[in-house]
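All chains should be built: construct the whole structure from the sequences, respecting the hints.
Residue strings, one per chain:
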Amino acid sequence: MLEGAIFLSYLLLSLALLCALVRLVRGPTLPDRVVALELMASLTVAFIGIYALNNDRPAFLDVAMVLALTAFLTAVGFARYLEKGGHRGDQ
Amino acid sequence: MINDLLVSVMLVAGTFFMFLAGIGVLRMPDLLMRMHATTKAGTLGAGLVMLAVATHFLDAGVTARTLAIILFILLTAPVAAHAIGRAAYFVGVPLWDKMLKDDLKNRYDPDTHILGNPDDDKQP
Amino acid sequence: MSPLSWNLILALIWAAVTGNFSGANLLVGFGLGYLILGFALRDVPDFARYRKKVPRLFLLLGHFLRDLVASNLRVAYDVLTPTHYMRPAVVAVPLRAKTDGAITILANMISLTPGTLSLDVSSDRSVLYLHVMYLDDEADLRRQIHALEDRVLAVLE
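Chains L, W and X are the protein sequences, given in the same order.
Residues 1 to 91, numbered by the numbering used here, are exactly what the first sequence covers, in order.
Residues 1 to 124, numbered by the numbering used here, are exactly what the second sequence covers, in order.
Residues 1 to 157, numbered by the numbering used here, are exactly what the third sequence covers, in order.
It is possible that some hints are incorrect.
Calculated lysine-lysine pairs in the DSBU-like style (CA-CA distance at most 30 Å, straight line) [unchecked claim]:
| hint | chain 1 | residue 1 | chain 2 | residue 2 |
| --- | --- | --- | --- | --- |
| 1 | L | K84 | X | K98 |
| 2 | X | K98 | W | K101 |
| 3 | L | K84 | W | K98 |
| 4 | X | K98 | X | K52 |
| 5 | W | K105 | X | K98 |
| 6 | L | K84 | W | K105 |
The hints are simulated quantities; they were obtained by calculation from the structure and are not laboratory data.
Structure follows, in structure tokens:
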């Protein structure tokens, strides 16, 4: 049963990653892409969590923690960059 | 056995919410509404998956790390949403044309980055 | 020293005396320390206030978890239904919390409760700007935020 649940979770996460990827490519503006990237990061955190569970390797959780930290810093960094100038249009 | 059942339920529920966040980010009409989906569903989804990991291992070190990740996500997701929303207003991201009202429009001072409040209109 | 640090010290002493520093045992020690402080020092004003704050904190956490689940069910509903039912708006809500900590906690909790997302605080800290998914009644929205703010302030101030 756990095997089935893990398979279903991987499937749902992959579909969600695909949706986020479509949004990342389509935009239409830079903040939209940042939101999509941030979602992809938290999806990857969940992915790593399930991988650690599936393979009985809790050491991977450290990777998930660091990824969650850097994803937040990326989002804030992008937001500051957009706010302080940089290129405004997306084209 | 009971443990496996709990883990399975939390995993599927958590990833289902994250899947909804993905669908939301794809289908919602504007940036702010997409952020609704990613902050709420992304937070609860990742939190449930991490709880499932803690329940599966039942180990103090793993539990501490998963709790740290959950706490961190709870603290940062809304802050990131705030930062991106604020940046979006400075960039001038087009918002959905069916918005009922937008109190924040033109409230930011483009030079000083000071955010005013609605009382500003009443003063001459 | 603040009542909270006294309580933490009592929890550490309990863990040291029982020789078990696991999280669950520290929690037991914290609970016992809270009972002792709340009973023995109930006449000291600081501790009397502390005694009332801890249950409020748990109440706040309970409300928060309930709101988080409710908001996710709401998002699920929003995502799966056609978008033309939505009535989004950005609304300014007056803010009473003045300290950085209280505003941060309130804004985070608003972001994770159904249908609302906090965007920014005006520079003079008098107004909080929210994005709402369904604006049915602005007065009702203000009332909800007001109630949430009361619960946050009851713990922090």
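Which of the listed hints are not met by the structure? Hints that this structure does not satisfy do not exist here, as all of them hold.
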